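J.: Take a look at the letters that make up each chain.
There are 2 protein chains.
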Amino acid sequence: MLVNIALRTFIVLGHKAAISPHFTLNDLAGSGGRLDILCRCINSAFMLSHGIRTGVRVYLLLQNHVSLRFEGGSLKYLNPDERSTGALIQKALKNRKKIKEGEELESTPGIYVSNSTLKEVLERVEETGLKIYILHERGRDIRKARIPEEVAFVLSDHLDFTGREEKLLAGYQKLKVGPKILHADHTITVVQNELDRIFN
Amino acid sequence: MLVNIALRTFIVLGHKAAISPHFTLNDLAGSGGRLDILCRCINSAFMLSHGIRTGVRVYLLLQNHVSLRFEGGSLKYLNPDERSTGALIQKALKNRKKIKEGEELESTPGIYVSNSTLKEVLERVEETGLKIYILHERGRDIRKARIPEEVAFVLSDHLDFTGREEKLLAGYQKLKVGPKILHADHTITVVQNELDRIFN
Numbered sequence: 002m003l004v005n006i007a008l009r010t011f012i013v014l015g016h017k018a019a020i021s022p023h024f025t026l027n028d029l030a031g032s033g034g035r036l037d038i039l040c041r042c043i044n045s046a047f048m049l050s051h052g053i054r055t056g057v058r059v060y061l062l063l064q065n066h067v068s069l070r071f072e073g074g075s076l077k078y079l080n081p082d083e084r085s086t087g088a089l090i091q092k093a094l095k096n097r098k099k100i101k102e103g104e105e106l107e108s109t110p111g112i113y114v115s116n117s118t119l120k121e122v123l124e125r126v127e128e129t130g131l132k133i134y135i136l137h138e139r140g141r142d143i144r145k146a147r148i149p150e151e152v153a154f155v156l157s158d159h160l161d162f163t164g165r166e167e168k169l170l171a172g173y174q175k176l177k178v179g180p181k182i183l184h185a186d187h188t189i190t191v192v193q194n195e196l197d198r199i200f201n
Numbered sequence: 002m003l004v005n006i007a008l009r010t011f012i013v014l015g016h017k018a019a020i021s022p023h024f025t026l027n028d029l030a031g032s033g034g035r036l037d038i039l040c041r042c043i044n045s046a047f048m049l050s051h052g053i054r055t056g057v058r059v060y061l062l063l064q065n066h067v068s069l070r071f072e073g074g075s076l077k078y079l080n081p082d083e084r085s086t087g088a089l090i091q092k093a094l095k096n097r098k099k100i101k102e103g104e105e106l107e108s109t110p111g112i113y114v115s116n117s118t119l120k121e122v123l124e125r126v127e128e129t130g131l132k133i134y135i136l137h138e139r140g141r142d143i144r145k146a147r148i149p150e151e152v153a154f155v156l157s158d159h160l161d162f163t164g165r166e167e168k169l170l171a172g173y174q175k176l177k178v179g180p181k182i183l184h185a186d187h188t189i190t191v192v193q194n195e196l197d198r199i200f201n
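Top line first, the protein sequences correspond to chains H and F. For the first sequence, the numbering used here begins at 2 and goes up steadily by one. For the second sequence, the numbering used here begins at 2 and goes up steadily by one.
Extracted from the complex, chain H is given alone in its bound form (with noise of 0.2 Å):
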């Protein structure tokens, strides 16, 4: 179960991320459905040189159908590599079969499969108190935001949001990491250190 605890929270959209646990972990990118960005996006939120950041939350939401919430308070056999954090999402969509209508199960400690749309997700994301933003390259900077402790950021992987995205977003802020264009990862990398310098 979700316990309701405000944690800095990361939403990463994989529009084409695999669903169903037969893809190979030789080919992420191909067979996953990039979910070598996912990966990435894990690693950039949650790993610290000495260490897993704690007060972290992640939702990979996969074709918006199918989300994995990672939980850094928890999260075990976390590993910085693609290939290991491949096969632990692996491990999560077999276990996804044995989730009844409504369920969310945890599949290895600190993460958790279920059937969940954005829609769902940002319904959860907003009860817990966190204000949302979205991070995109047409936002604003976010030096210049007065970014709160408590907050979520939604972001995409290597496609845009679509327009039934777009809508669900509309009410929330947009920032930007700065100038150029930056992938999924690397974006949340320079967001974590924004945040490391406010509220360390």
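Note that these hints are calculated values from the structure, not bench results. Wrong hints could be hidden among the right ones.
Since the list gives no way to pick out one identical chain from another, each pair is judged satisfied if it fits inside one copy or across any two copies.
[Said to hold, decoys possible] Listed next, the in silico DSBU-like pairs over lysine-lysine satisfying Cα-Cα at most 30 Å (straight line): (1) 120 with 168; (2) 77 with 181; (3) 98 with 181; (4) 98 with 175; (5) 77 with 132; (6) 120 with 17; (7) 181 with 101.
Fair warning: this is a prediction, and the values are worked out from it, not measured in the lab.
Knowing the structure of chain H, use the given hints to seat chain F on it.
T.: Relative to chain H, chain F alone:
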């Protein structure tokens, strides 16, 4: 041959990184001696959302013995995932056998392999006129330093600099990227963002 153009340069020291091609792409972290870190450093140094940073050069220095020089202006076949970058490194290490003493060989477009030490690489970078900094947790905040556009950064993989390396690097200023100690690849991402903001 190294054309002496001053390019934003990163020199990453891989202390245990494989110098023979006999590692498996399925275990870059273990069999490759944490080559996964170096692959992510390449990604952080070069990758933009819509292309490659052409004005960047990276040296991966493996066991203070083998240098892999990546040139953003001519790089081909570089993808963001670790495994495909690992394959380019493996190919370069295979091609290394063809090098005669003192030579450098272009393994694939934009990737050059040679037998070189840190001392030699530093000499080459000095020749291009770049100001060299060390990226290190006990450095001065990068936002407070006046970094020139023509700049090089030395940083280490998951291990500290050795005593010998510290001696070689003693003359250069140390910079840190924030209050938390980050992985090498995240450090590069943050540095790129800082420089993008200054020199965009």
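J.: Evaluate residue 181 and residue 101 at a C-alpha cut-off of 30 Å and name the case that applies: within, between, both or neither.
T.: neither (43 Å within a copy, 41 Å between copies)
J.: Checking an output row: residue 77 and residue 181, CA cutoff 30 Å. Within, between, both or neither?
T.: between (34 Å within a copy, 21 Å between copies)
J.: At 30 Å max between alpha carbons, let me know whether residue 120 reaches residue 17 within a copy, between copies, both or neither.
T.: within (18 Å within a copy, 46 Å between copies)
J.: Using 30 Å as the alpha-carbon threshold, which applies to residue 77 and residue 132: within, between, both, or neither?
T.: This pair counts as within: shortest intra-copy Cα distance 27 Å, inter-copy 41 Å.
J.: With identical chains, the pair residue 120 and residue 168 could be close in the same copy or across copies; at 30 Å between alpha carbons, which is it: within, between, both, or neither?
T.: within (10 Å within a copy, 56 Å between copies)
J.: Reference check for the pair residue 98 and residue 181, CA-CA at most 30 Å: within, between, both, or neither?
T.: neither (41 Å within a copy, 39 Å between copies)
J.: Within, between, both or neither: how does the pair residue 98, residue 175 come out at a Cα-Cα threshold of 30 Å?
T.: neither (36 Å within a copy, 51 Å between copies)
Hint compliance for this structure: hints 3, 4 and 7 are broken, all remaining hints hold.
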